[in-house]
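Asker: Fit chains B and C to the supplied structure of chain A, relying on the hints for placement.
One-letter residues, chain by chain:
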Amino acid sequence: MLEIRIHGRGGQGNVVAAYLLAGAAFEVGRHCQAFPAFGAERRGAPVTAFVRIADCPIRRRNQVRTPAFLIIQDDSLLHVPGVLDGLLPGGGVLVNSTESSESLSARLGVATASIPATTLSTEVLGRPMPNVALLAAFLTATGALPHDALDKALAHRFKGDVLERNRALMARAEASVPAGLWSIDISERETHAAGA
Amino acid sequence: MPPELDQTALDDLRRRQPRFRGLEAGHRACQGCGEALAARLVMESIGPDVVVTNATGCLEVFTTPWPQSAWRVPWMHSLFENSAAIASGVEAALKHQGRDGTKVVALGGDGGTFDIGFQALSGMLERTHDILYVCFDNEAYMNTGIQRSSSTPHAAATTTSPSGKARMGKRHLKKDLLSIIAAHHIPYAASASVAYPADLRRKVRHAIGIKGPTFLLVHSPCPLGWAHDAARTVEIARLAVQTGLFPLIEMERSEVVGVMPIRDPRPVTDYLSLQGRFRHLFTEGDPRALEEREHLQALADHTIAKFGLRGAGPDPLDSDGADTVRRGGNSA
Amino acid sequence: MRQALEGSQAIARAVALCRPGVVAAYPITPQTHIVEGISKLVADGVMDCELVSVESEFSAASVALGAAAAGSRAYTASSSQGIMLMSEVLYNIAGLRVPMVLTCANRAVGAPLSIWNDQQDSMAVRDAGWIQLYCADNQEAVDTTIQAFRIAEATELPVMVCVDGFVLTHTMEPIDLPDQDVVDAFLPPYHFARMLDPARPISLGTLVDPAWFTEARHSHHHALLKALPVIEQVDRDWQAATGRAAGGLLEVIGPADAPTAILCLGSVASTFTEVLEDHPPDDPVKLIKLRAFRPFPAEALRAACIGVKTLIVLERALSPGLGGIVAVEVQAILATVPDAPAVHGFAAGLGGRDMPVELLPDLLAAARAGRPGEFTIADVQLSKLPEEDR
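As they're listed, the protein sequences go chains A, B and C.
Quick note on this note's numbering: the first sequence kicks off at 1 and runs consecutively.
Quick note on this note's numbering: the second sequence kicks off at 1 and runs consecutively.
Quick note on this note's numbering: the third sequence kicks off at 1 and runs consecutively.
It is worth saying that the hints were derived from the structure and are not from the lab.
Treat the hints with care, as some may be off.
Stated by the list, open to error - Simulated restraints on C-beta separations: (1) Pro189(C) - Asp85(A): 49 to 59 Å; (2) Leu290(B) - Arg200(C): 53 to 63 Å; (3) Pro112(C) - Gly276(B): 43 to 53 Å; (4) Gly39(A) - Ala305(B): 55 to 65 Å.
Think of the CB as a built atom: it goes at the ideal place given N, C-alpha and C, for glycine as much as any other residue.
Chain A extracted, bound-state conformation:
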């Protein structure tokens, strides 16, 4: 089972990102689960969402405490205590940032990759909505799922021009990180155990 935690700010499509990633997993026949740690927060406040992907039914419903990967939608969240907590050894952090991956990795002390998702989404979508760009980059970096699975999940949620722009954004973001940066094995049932 692969466990991922997504950190963002209200209004950045955090929950949508989690649902898209789970939806993409579903498209390729995997079991999936996505849910927010919902707060009473309004736009701009830190929010968290969780994704689980597995080859067997997922029954646990607790929050993800020991994620294999973190997706950070806003680099200002790196200063929020607890954001990097529980990251499994060998895991990776994907951050929406203009700071270089090397610089972030050195600063945070964990394997970090960055993409300028806000810039990309502003250019392609016309507004700062980093979630789809990050997901595309995440799939490139991890190979967790094929990109066309995300494409299908997008097509369930968006239509027409919005869908096409998001596809264009996906294409731009896919190439922004090295392929196979982090390898994972979803079939490993208990990635949780190391931290539990």
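Answerer: Below, chains B and C without anything else, positioned relative to chain A:
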């Protein structure tokens, strides 16, 4: 059901009645109950193709002591404050089932309408359900034993607004519910009185013919709560109109479109002096009594001026003859 | 068809499959997505129903009651303070024996204000006379919603489908939505025998004096008891139609002869099911997943507890000043059983506190160290409290 009274016989009886009586005689209302009279008149005008919802209150209690019921129409009571919401659900169901022809009427007293059921009523009006809501206004919580409501007139004594050394009955004004109702811009809202049955019937028939939410406020004296002679219910109700204390008006979309004129307004004391709830306003030598009587007269004068109730013609005589009929009691 | 759906959307779609005539609701977190989903289905013309967006939960329940009394299949949903505001109507609906279905997206009841999940809301109305069914996952929520209409209409009792707020309502996961023809065959059009109809006028909700009230209560109580086999049968029928059961009255998961059992309601049963798969086989523990809380399946519980020495009851609510709600009921029901298990009551996960996989071993350890009959809030952090409140 006795064996000789099969369904056919019942249907026959029902058909041969001179008027359809949705609310049958034999219920357990007090003598001279204005609400029972009002409810009978309203139901006669509506006819049999109706579903009635009824808020908790005297009407519900005296008409349905299980296993008896005085209702000849489908009738439902749920709670004190949800007659309008229950009716909303009934109306939605009838609409969905294509039974749109069946009318929906919600009934409530002033407690269930002015106070605790007000929110549900406002919601019903705002959502434009096709419902006639009828409030039988006897100006206090009579079912629980005469406690003040927001409809209780100023200075009236109730068990929770008694008169005494420090108080002259209710300190606050009667809520102007009709204006609030009309502010929902519903197609029709009117006040009526048991003293004017023909006018009441006309208003009910008019309201029931309109598609959309309509509202009737029916002044219904309570001999027990108002402490008046049970034989003088109609007379007292008429005095409330003739003094200007209970104006009979009709409103469409928040505009006043009709009033029952008063040629010679009677002094409010003619109305007040017949009722025990205003007895403290007639205490010899109490300056507060005079002050409150003058206050109530000023309120009546204001209402008459506001609605232009001073008519040029003769006072309307009710065509049903209620104006001239007086039965039994001390004043016969 | 199997789809990846958010719980609330799946529930909305399940309601639509049941073809209700009237839906009335008022928004409250975390129920909102259900009602929004239904509103969209109505707006898109997928659902042919009268959607009444009311001005309060009190009116939501009342509108649903009026509609059901007038012969329509009726539905509403709420949470927390909304359930509290409805409570007077909930008693009334059940007392009038009017069938309908309500989804309770379970949430804590304030104060202090909490929008997050526990089950205090539905527990607070457990005596209202409704059937209450608790769901462990969103597939159960979908299946139970559809079953609930059939149970309600067979018993003339309202059914509350309890679904953990956020934990289930806001979780996206693969869910199998049955086809319309399957649901239509399972849930044929309903005729309410006591419907408000001018052709056959009846009086509903009359005043009942002391000569009759006791009998009304007796028949209501017995109607709930008689609903026990109906709930089981409807689940069997659903299994026959779809291949899936939703947990009957209760479900025992794990080794039948385990001397230790954990009884719980709702989504934590899903977590514990997975945790127990990895539990050491030399310490056999079974899970008793209570689906029907009202009516309470006393016989099924007694049967499930044969051979159990230690019974842990975990609930997401409490009765302050007493302790566990479910635990006390379970203790009373097992009191007549020879060699009754020692019952250890725990509350956890109040106001949305996460219930991690470690909770299960923690409960086992606490029960083994504790005294039978005790009640503890398992995950309270006493260090946060002033000394005198600990």
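Asker: Measuring from beta carbon to beta carbon, are leucine 290(B) and arginine 200(C) in 53 to 63 Å?
Answerer: holds, 59 Å
Asker: Using the C-beta atoms of glycine 39(A) and alanine 305(B), is the stated range 55 to 65 Å upheld?
Answerer: Taking Cβ atoms as reference, glycine 39(A) and alanine 305(B) lie about 58 Å apart, which means the hint holds.
Asker: Lying within 43 to 53 Å: is that true of the beta-carbon distance proline 112(C) to glycine 276(B)?
Answerer: Given range 43 to 53 Å: holds, Cβ gap about 50 Å.
Asker: Look at the Cβ atoms of proline 189(C) and aspartate 85(A) and judge whether their distance stays inside 49 to 59 Å.
Answerer: holds, 54 Å
Violated hints for the displayed structure: none, as all numbered hints are satisfied.
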